[in-house]
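Listed in order, the protein sequences are those of chains A and B. Residues in the first sequence are numbered from 1 upward in steps of one, following UniProt numbering. Residues in the second sequence are numbered from 1 upward in steps of one, following UniProt numbering.
Read the hints as simulated data drawn from the structure, not as lab findings. Careful: at least some of the hints might be erroneous.
[What the hints assert, rightly or not] DSBU-like mimics (lysine-lysine), calculated; alpha carbons at most 30 angstroms apart, straight line: (1) K738(A) x K265(B); (2) K310(B) x K697(A); (3) K309(B) x K677(A); (4) K140(A) x K91(A); (5) K309(B) x K746(A); (6) K265(B) x K301(B); (7) K309(B) x K40(B); (8) K697(A) x K265(B); (9) K682(A) x K310(B); (10) K309(B) x K697(A); (11) K687(A) x K265(B); (12) K681(A) x K309(B); (13) K203(A) x K140(A); (14) K738(A) x K660(A); (15) K687(A) x K238(B); (16) K310(B) x K681(A); (17) K265(B) x K737(A); (18) K294(B) x K118(B); (19) K40(B) x K226(B); (20) K687(A) x K118(B); (21) K301(B) x K697(A); (22) K175(B) x K118(B); (23) K309(B) x K682(A).
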Amino acid sequence: MKLKLEQSNRLVSLALYVGSMFLLMEWVYPLDIITDTGQSHLFIVFIVVMFALSMIHLPFGLISVIKAGILLLFIHHVFFDTAFFSTEWVKLFFEEMVINVQESIQQNWQTLTPVFRTFLFLILLWMLSYLLYYWYVVVKRPLAFIFLTVLYVTVLDTFTVYEANIAIIRVFSLSALLLVLANFHRIVESERLTEPKARQFIKWLAPMILVIGISAAIGYAAPKYEPQWPDPVSFIQSASENGFGSGAGFGGVQRVGYGEHDDRLGGGFQMDNTTVFYATSSAERYWKVETKDVYTGHGWERSSEGERIASETGQFPEISQYGDVVAREESSLDLQMIEPGNLNKVPYIYGTEQVGTTNDQINFEYDLITNELLSLDNGEQTLVEDDYSLEANRPDFPRNAMREVPVSYQEDSGIDESYLQLPDELPDRVSNLAGMIVSEEDQNRYDYAKAIEDYFSEGDYEYATDDVAVPDEDEDYVDQFLFETQRGYCDNFSTSMVVLLRSLDIPARWAKGFTGGDRAFEQDAFPDAGSDVFEVQNNNAHSWVEVYFPDVGWVPFEPTIGFQNQVDVSTGESIDDILDDNQDDALDQPESSEQPDADSQLEEGEEEEGNDSEAAGSNGDSSVSPWIVISISVIIVIIVGLLIYYRDRLVYAWRKQRLKRRANQATITESYQFVMKLLAKKGYPFKSGETLREYAKQADRILDGRSMSELTHYYEQFIYREDSFQSDQSEYYRLWKKVTDLILSK
Amino acid sequence: MNQEVTEQQSQIQALIDNIETVVVGKRETIELTIVSLLAKGHVLLEDVPGVGKTMLVRAIAKSLDLDFRRIQFTPDLLPSDVTGVSIYNQRDMQFEFQPGPIMGNVVLADEINRTSPKTQSALLESMEENHITVDGMTRELSSPFFVLATQNPIEYEGTYPLPEAQLDRFLLKLKMGYPVKQEEMMMLDRTTHEHPIETVQPVMTKSDLLAKQKEVQQIHVSQSVKQYIVEIVANTRKHPLIQLGASPRASIALMKAAQAYALVKGRDYVIPDDVKYMAPHVLAHRLQLTAEAKFEGKSDKELLEDLIKKTMIPVERG
Chain A
1 MKLKLEQSNR
11 LVSLALYVGS
21 MFLLMEWVYP
31 LDIITDTGQS
41 HLFIVFIVVM
51 FALSMIHLPF
61 GLISVIKAGI
71 LLLFIHHVFF
81 DTAFFSTEWV
91 KLFFEEMVIN
101 VQESIQQNWQ
111 TLTPVFRTFL
121 FLILLWMLSY
131 LLYYWYVVVK
141 RPLAFIFLTV
151 LYVTVLDTFT
161 VYEANIAIIR
171 VFSLSALLLV
181 LANFHRIVES
191 ERLTEPKARQ
201 FIKWLAPMIL
211 VIGISAAIGY
221 AAPKYEPQWP
231 DPVSFIQSAS
241 ENGFGSGAGF
251 GGVQRVGYGE
261 HDDRLGGGFQ
271 MDNTTVFYAT
281 SSAERYWKVE
291 TKDVYTGHGW
301 ERSSEGERIA
311 SETGQFPEIS
321 QYGDVVAREE
331 SSLDLQMIEP
341 GNLNKVPYIY
351 GTEQVGTTND
361 QINFEYDLIT
371 NELLSLDNGE
381 QTLVEDDYSL
391 EANRPDFPRN
401 AMREVPVSYQ
411 EDSGIDESYL
421 QLPDELPDRV
431 SNLAGMIVSE
441 EDQNRYDYAK
451 AIEDYFSEGD
461 YEYATDDVAV
471 PDEDEDYVDQ
481 FLFETQRGYC
491 DNFSTSMVVL
501 LRSLDIPARW
511 AKGFTGGDRA
521 FEQDAFPDAG
531 SDVFEVQNNN
541 AHSWVEVYFP
551 DVGWVPFEPT
561 IGFQNQVDVS
571 TGESIDDILD
581 DNQDDALDQP
591 ESSEQPDADS
601 QLEEGEEEEG
611 NDSEAAGSNG
621 DSSVSPWIVI
631 SISVIIVIIV
641 GLLIYYRDRL
651 VYAWRKQRLK
661 RRANQATITE
671 SYQFVMKLLA
681 KKGYPFKSGE
691 TLREYAKQAD
701 RILDGRSMSE
711 LTHYYEQFIY
721 REDSFQSDQS
731 EYYRLWKKVT
741 DLILSK
Chain B
1 MNQEVTEQQS
11 QIQALIDNIE
21 TVVVGKRETI
31 ELTIVSLLAK
41 GHVLLEDVPG
51 VGKTMLVRAI
61 AKSLDLDFRR
71 IQFTPDLLPS
81 DVTGVSIYNQ
91 RDMQFEFQPG
101 PIMGNVVLAD
111 EINRTSPKTQ
121 SALLESMEEN
131 HITVDGMTRE
141 LSSPFFVLAT
151 QNPIEYEGTY
161 PLPEAQLDRF
171 LLKLKMGYPV
181 KQEEMMMLDR
191 TTHEHPIETV
201 QPVMTKSDLL
211 AKQKEVQQIH
221 VSQSVKQYIV
231 EIVANTRKHP
241 LIQLGASPRA
251 SIALMKAAQA
261 YALVKGRDYV
271 IPDDVKYMAP
281 HVLAHRLQLT
291 AEAKFEGKSD
301 KELLEDLIKK
311 TMIPVERG
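All chains, please: the whole structure from these sequences, using the hints.
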């Protein structure tokens, strides 16, 4: 009888399982958009294969071997070029696994390779195919997964660039259909009806599909309200980042913010409104963190480990070594670090000469090569988490003096030749372009630099944060930007400018840090601040260019469209000169602007990627964050699924412990009611007007025995005779265990 | 305690078996009658003549070695024919009390609805009070005292239906019903030569019975079961098709019946099953249905079963 029923149920089971497969696919579709995952269609294929194999009733061991084989085949297809039946790729694969496992143990999530992540993801999909088999075919409870899917799709729609307009309709229609099927099946089973034949089934299903179709169509066509709330994205993003720790953003390709790794630039990114620090300042100023000097063709590296100097007093005149021609203006600032994240150096403004902190444990060191201002706690470089103060003499760079500097590098200028470094593979057209840009300029370093800085805003360059290309192995990052894409953000512009300058023999380096930020909405950080409080977010992470002028020093330039550097540049000369210069350089002189710059306000909204591309750094195809989010979601789904599936057993184990430890009124009542609950789940609820004996007799009929009646006999004595129940406790426990095991095995 | 109860049970079962040799195929009715006897209650048997009502009560009396009396109620029966009368003894020049049939242990009040209400109440009152007053003298009835009244179904002509107040005095109202063919065949077999009632032997003594009646009073009734009893009785008062629900006396009766039934089943505590089983027998004759219910052809037992089904049974300690 049972077998026959099962056979006739196959149609419904199959429909449910296939439906659940389509629901699972809804989890994979957005990956293409919210991550840089390529070939996500392969995941779909993989899902289909896993589900198809689950439907075939083969021994568990055999099916597992087949599935594992298919998994390896997929990995091989995506990542390895060698023949499948060769030891070579297996060896490589194995080595990669070992490395990744080590990295995982050290929690270096960013450095996990795509092979490993794909491997894990495929395993998750495999597990899900099992889980869904239980949910949809065995227990036929589709609601939990439907709920999670709707949640997932809507959350992605709200908080990422993924547009789930059609997806939600698909999910809705499918979910409604699955619920109908599951309910239909339940009715058939509980009423012990004969399962309808295929034709009847379709006849029965047709109006259902019609209703679902019509309601979906109405829902789609109906006018909808605009969102009633302001976009909660930023709030939730910053919250989620705290949750995920450093380095992992939500739903983005690459996290905005300050990072260490710049050796592989490129790729898009997402917003990140996390506040890094608050600072008092009379004006918006760029915050410098470090510089890099070696351009590899794909990103930036350092030529040497650096050369650190320490200072007991926190005095570092070396930070701002400018020539005498540079006028200075005193300034003092306070910083309050909020969420330093990857930042383990003190950001400072141009002209900084002294740094201090309230924390006595902290010492400072300054790196002459990398320009990092490090805060050390007992010699350990620590995260900057305290309040800092900066004393600065802001430089006012004299344009005329700079104009006197010849274009080319001179050996006696006091800096290393390494600031002219360029990769050998750099295509010639880059230097040709540089020559072309400056062809009409006066032959001096400043005008050349200015010309290149301005070149980007005059050409067809586009500031963009998404859809930014990643160069291939054999492509140059700058070359690709200048000649192919012309689309990018600060890293593209600043790196290109450095390369163009260097190709003209002008020493230049790449600077990283933050733009000035916005005036803080709440000025609570420094209630006593005399000047404005600026809030610097991860969004403000930025990169720009520094050009060396002998007798002046390193002067910042800002090639990125829409950004202006708030350094002061003045003629340092007569009024006439000023008037002259103002005519051609009016735009160039963002000068000591006291007012915040409108452009940058605007831009910072859609702000850039920051200097780092740590996430993309390890590989070109995607960042870790969405993977982690997805993996965590999937793990949560699995855990929730397992908990739901095994909750009876978990509760059983708990009750067993309790009852064994002490059989008192509470535990005995609980334990018996637990049995009643289990029986109710199996379709035998305790009905009104039914006595325990009658109930037990019913139960014994399905349990094929008399144990329930025996158990009930003891329980009856307990409640109706109001026994102390001392003597029969062990017998009650034994019977209770027997009955519960029987029910759970059914 | 438990062993004692089991022993009691086996004795009771032996008694029932003994009676069953006379009254074939009516085990349930016999059992219920014994329940009533143990609970010191009385039984009203309503059925057509000739189904074995008299045999049942005679068998009980013989099996228990009790004094059996029979009163045939007729329209002209007087109260004194039931209770007894003082007759002037000319030799002794004194009034002498001649005890009526009610002074026996087991009294069969046959066709009680054929006599006048005056005589009916004489019987019923003595049942309740356990004593009679004749000529200003109160006389105790013998103990045990068990009345089994029979009545023809009331639609028969020339009957005086018992008033509701009187019906309340019976613990149970039972029906015999016709035997199935096989049982009837067996009955014929047994009575071919000699009626089994003649040969039936006592299996229990009077003192045994009295002890058991005492035992019944010791049967444990938990708070939750008491609650269940009260719940059922209260529900009879709320039911829309019942004009007059059961009285508190009915609650007590139901508890006592359940106690006795528990003993019959070999338990020293009452379970809701006992209450549930006894409730229709105890309560049915105490309800007065609305005209609507009668019109719809609902019987009191049907209504009760429906009502019991809707009453939640306590499954936790009260």
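| query | Holds or violated: K175(B) with K118(B), Cα cutoff 30 angstroms? | reply | 25 angstroms, holds
| request: Starting from K309(B), check that the Cα of K697(A) is at most 30 angstroms away, please. | output: Distance of about 17 angstroms is within 30 angstroms: holds.
| K310(B) paired with K697(A) [C-alpha distance capped at 30 angstroms] | Holds - the C-alpha atoms of K697(A) and K310(B) are around 20 angstroms apart, at most 30 angstroms.
| message | For K301(B) and K697(A), compute the direct alpha-carbon distance and say whether it is at most 30 angstroms. | response | Between K301(B) and K697(A) the Cα gap is close to 24 angstroms, so the pair holds against 30 angstroms.
| said: Please verify whether K140(A) and K91(A) have alpha carbons no more than 30 angstroms apart. | reply: 42 angstroms, violated
| query | Is the Cα-Cα distance between K203(A) and K140(A) 30 angstroms or less? | reply | Status holds; Cα separation ~22 angstroms.
| Does K687(A) pair with K265(B) here, judged by a C-alpha cut-off of 30 angstroms? | 24 angstroms, holds
| said: Hint check: K309(B) vs K677(A), CA-CA at most 30 angstroms. Holds or violated? | reply: OK: K309(B) and K677(A) at ~21 angstroms, within 30 angstroms.
| 30 angstroms limit on alpha-carbon distance, applied to hinted pair K294(B) and K118(B) | Roughly 28 angstroms separates the two Cα atoms, so the pair holds.
| field | Agreement of K682(A) and K310(B) with the hint, judged by alpha carbon distance not exceeding 30 angstroms | value | 23 angstroms, holds
| query | Holds or violated: are the alpha carbons of K738(A) and K660(A) at most 30 angstroms from each other? | reply | Holds, because 14 angstroms separates the two Cα atoms, which is no more than 30 angstroms.
| said: So if I understand the rule, the pair passes when the alpha-carbon distance is 30 angstroms or less; does K687(A) with K118(B) pass? | reply: Given pair K687(A), K118(B) is violated - Cα atoms ~48 angstroms apart, limit 30 angstroms.
The structure is inconsistent with the numbered hints 4 and 20, although it conforms to all the rest.
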